[in-house]
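**Q** Chains as they are written, first to last, in our numbering: chain A, 1 to 145; chain B, 1 to 145; chain C, 1 to 145; chain D, 1 to 145.
For the record, the hints were derived by calculation from the structure and aren't laboratory data.
Check each hint, because a few of them may be wrong.
Where chains are identical, the list cannot tell them apart; a pair therefore holds if satisfied intra-copy or between any two copies.
[Said to hold, decoys possible] Calculated cross-link-like contacts (lysine to aspartate or glutamate; reagent style EDC-like; alpha-carbon spacing at most 20 angstroms): (1) K55 <-> D128; (2) K70 <-> E119; (3) K70 <-> E81; (4) K70 <-> D117; (5) K55 <-> D76; (6) K55 <-> D75; (7) K7 <-> D104; (8) K55 <-> E130.
Number of protein chains: 4
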Amino acid sequence: MATQQIKNIASYRVIYGDTDQMGVAYYANYLRWFEIGRTEFLRQVAVPYTSIEEKGLCFPVAEVSCRYHKPAHYDDAITIETSLTALSRASLTFSYRLFRPGRDLIASGWTRHACVDREGRVTRIPADLEAILMAQISSYNSTSG
Amino acid sequence: MATQQIKNIASYRVIYGDTDQMGVAYYANYLRWFEIGRTEFLRQVAVPYTSIEEKGLCFPVAEVSCRYHKPAHYDDAITIETSLTALSRASLTFSYRLFRPGRDLIASGWTRHACVDREGRVTRIPADLEAILMAQISSYNSTSG
Amino acid sequence: MATQQIKNIASYRVIYGDTDQMGVAYYANYLRWFEIGRTEFLRQVAVPYTSIEEKGLCFPVAEVSCRYHKPAHYDDAITIETSLTALSRASLTFSYRLFRPGRDLIASGWTRHACVDREGRVTRIPADLEAILMAQISSYNSTSG
Amino acid sequence: MATQQIKNIASYRVIYGDTDQMGVAYYANYLRWFEIGRTEFLRQVAVPYTSIEEKGLCFPVAEVSCRYHKPAHYDDAITIETSLTALSRASLTFSYRLFRPGRDLIASGWTRHACVDREGRVTRIPADLEAILMAQISSYNSTSG
Numbered sequence: 001m002a003t004q005q006i007k008n009i010a011s012y013r014v015i016y017g018d019t020d021q022m023g024v025a026y027y028a029n030y031l032r033w034f035e036i037g038r039t040e041f042l043r044q045v046a047v048p049y050t051s052i053e054e055k056g057l058c059f060p061v062a063e064v065s066c067r068y069h070k071p072a073h074y075d076d077a078i079t080i081e082t083s084l085t086a087l088s089r090a091s092l093t094f095s096y097r098l099f100r101p102g103r104d105l106i107a108s109g110w111t112r113h114a115c116v117d118r119e120g121r122v123t124r125i126p127a128d129l130e131a132i133l134m135a136q137i138s139s140y141n142s143t144s145g
Numbered sequence: 001m002a003t004q005q006i007k008n009i010a011s012y013r014v015i016y017g018d019t020d021q022m023g024v025a026y027y028a029n030y031l032r033w034f035e036i037g038r039t040e041f042l043r044q045v046a047v048p049y050t051s052i053e054e055k056g057l058c059f060p061v062a063e064v065s066c067r068y069h070k071p072a073h074y075d076d077a078i079t080i081e082t083s084l085t086a087l088s089r090a091s092l093t094f095s096y097r098l099f100r101p102g103r104d105l106i107a108s109g110w111t112r113h114a115c116v117d118r119e120g121r122v123t124r125i126p127a128d129l130e131a132i133l134m135a136q137i138s139s140y141n142s143t144s145g
Numbered sequence: 001m002a003t004q005q006i007k008n009i010a011s012y013r014v015i016y017g018d019t020d021q022m023g024v025a026y027y028a029n030y031l032r033w034f035e036i037g038r039t040e041f042l043r044q045v046a047v048p049y050t051s052i053e054e055k056g057l058c059f060p061v062a063e064v065s066c067r068y069h070k071p072a073h074y075d076d077a078i079t080i081e082t083s084l085t086a087l088s089r090a091s092l093t094f095s096y097r098l099f100r101p102g103r104d105l106i107a108s109g110w111t112r113h114a115c116v117d118r119e120g121r122v123t124r125i126p127a128d129l130e131a132i133l134m135a136q137i138s139s140y141n142s143t144s145g
Numbered sequence: 001m002a003t004q005q006i007k008n009i010a011s012y013r014v015i016y017g018d019t020d021q022m023g024v025a026y027y028a029n030y031l032r033w034f035e036i037g038r039t040e041f042l043r044q045v046a047v048p049y050t051s052i053e054e055k056g057l058c059f060p061v062a063e064v065s066c067r068y069h070k071p072a073h074y075d076d077a078i079t080i081e082t083s084l085t086a087l088s089r090a091s092l093t094f095s096y097r098l099f100r101p102g103r104d105l106i107a108s109g110w111t112r113h114a115c116v117d118r119e120g121r122v123t124r125i126p127a128d129l130e131a132i133l134m135a136q137i138s139s140y141n142s143t144s145g
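In isolation and in its complexed conformation, chain A is listed as follows:
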């Protein structure tokens, strides 16, 4: 493709409350960081998640996958790299890579989301939103097969 797809770069500082007694970040917290990544991705492409909610839609997570490569430690300023790697009529997939300072890869994963209306019914992604998202689909970093 001629255009460059957005790869959002967010950051997060690991707090004590994120760690467990193994001395590293607890595995469930990575999913919170994935959320930070996709939220900032949507903000960057000018469709903040709050605007999606205002249209009566939400994107609940239908499936998540995460591989833990190296541990994240207390006070690490981690980098969250997010791209949009799949899009269908009523579903979208974000892919993530988390790095420690120095570009050590600590985790990679993806989340697949349904597009759902206020009554919880799966619904088609609105055309204007679909167009914006379509332009951002990246084959880079796809780990969702």
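Following the hints, complete the assembly by docking chains B, C and D onto the known chain A.
**A** Leaving out everything else, chains B, C and D in the frame of chain A:
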């Protein structure tokens, strides 16, 4: 008083995700355990919190206080002792004591709640609910002054 | 096989702190419930995780996968069904199914763990532990491929 | 005093995982934000908490108090204002004020910490650290009485 006020006894097993790298439970998690305590207290006096929500009311926390006496560790089966220690027209206070096996006191505290309607306005606790709660006010274990 | 493999059944009551503003349990919290499941599985086969830690070993999560079928709601008493579905020299995989009351499947998933020593090196699962675990490998409910 | 005491200003963006089904941030999460505040305070006065841990010391929370004035909502970029409001030989108290954009006060509170060594014994704050902290004690915003 002639009657005995209820002191609810709930329990919770500390998981890895509750601990931090100091090897003990992270301090914010005790507030989750307070929630377990007051939820089970309300269930025990036959006004489960879901029934309060169905009436269009909720009890958001207006203030919390917690003293940490001894650490809670991974896999501890802690006991949560909850009593109702204050009640006014639109506010109620629960008090809590947390124990490790063997009755070591690990924490004590209280939460003060407002009674709020769907629009977020402070509202009077309904008379039937107030009557039930009034019968359960305990002077025992009050740490809320 | 002649013997019946263990499928541990644990339970958890969803609290307010587990929900998000969509009115359902936040997706990261399911990973906490997976932890409850595997902890109780290990306790049931008489190798509680604390005993594994006492040997200087731990089982950090190397990979997680979770599919969300139906939402879990506040105050749901969910059932966590855990089985051991793969075992190799230095790795083991647990599979999980979460149900709401009435046997509605809300989520299914698995976690793959490495066996690691105090210095963080991948290490062989001790022979006595391996024997206990080997007897419990279940093909039932395997979602880990 | 002639000198101006530091009042650290940190910020945090509320995520979905911080909210509950009331549509506002869950009350326990404010204690995570208090942690962010005191961590950044210590970094600003050049004694990052990691350096305190390297000396074999830690500052577990002995008591917390929090008043919730207005709710924090999803995607709010909140401001965390932290000051040091008390110091004794083996104890220190941080005070916090949390604001929404526009300077709406959402919460105020404090945490009192013990100074503890690796064996968990209360120990005197080292003289060099005490001197640095002493210069930062602020009477402003003290709510710890």
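**Q** Could you run down the list of hints and mark each one as holding or not?
**A** Results of checking the hints against the structure:
In the homo-oligomer, the alpha carbons of K55 and D128 lie at most 20 angstroms apart inside one protomer (12 angstroms), although the nearest pairing across protomers, at 40 angstroms, exceeds that limit. Within a single copy, K70 and E119 get their C-alpha atoms only as close as 40 angstroms, which misses the 20 angstroms cut-off; across copies the closest is 13 angstroms, which meets it. Taking the closest pair of Cα atoms, K70 and E81 come within 20 angstroms of each other only inside a single copy of the chain (16 angstroms); across copies the shortest separation is 29 angstroms, beyond that limit. Taking the shortest Cα distances, K70 and D117 sit within 20 angstroms of each other only across copies (15 angstroms), while inside one copy they are farther apart (38 angstroms).
In this assembly of identical chains, K55 and D76 lie within 20 angstroms of each other by CA distance solely across copies; the values are 19 angstroms between and 37 angstroms within a copy. Taking identical chains as interchangeable, the C-alpha atoms of K55 and D75 lie at most 20 angstroms apart only when they sit on different chains, with a minimum of 16 angstroms there against 38 angstroms within one chain. Taking the closest pair of Cα atoms, K7 and D104 come within 20 angstroms of each other only inside a single copy of the chain (18 angstroms); across copies the shortest separation is 34 angstroms, beyond that limit. Within a single copy, K55 and E130 get their C-alpha atoms as close as 14 angstroms, which meets the 20 angstroms cut-off; across copies the closest is 40 angstroms, which misses it.
The structure fails none of the hints (numbered hints given earlier).
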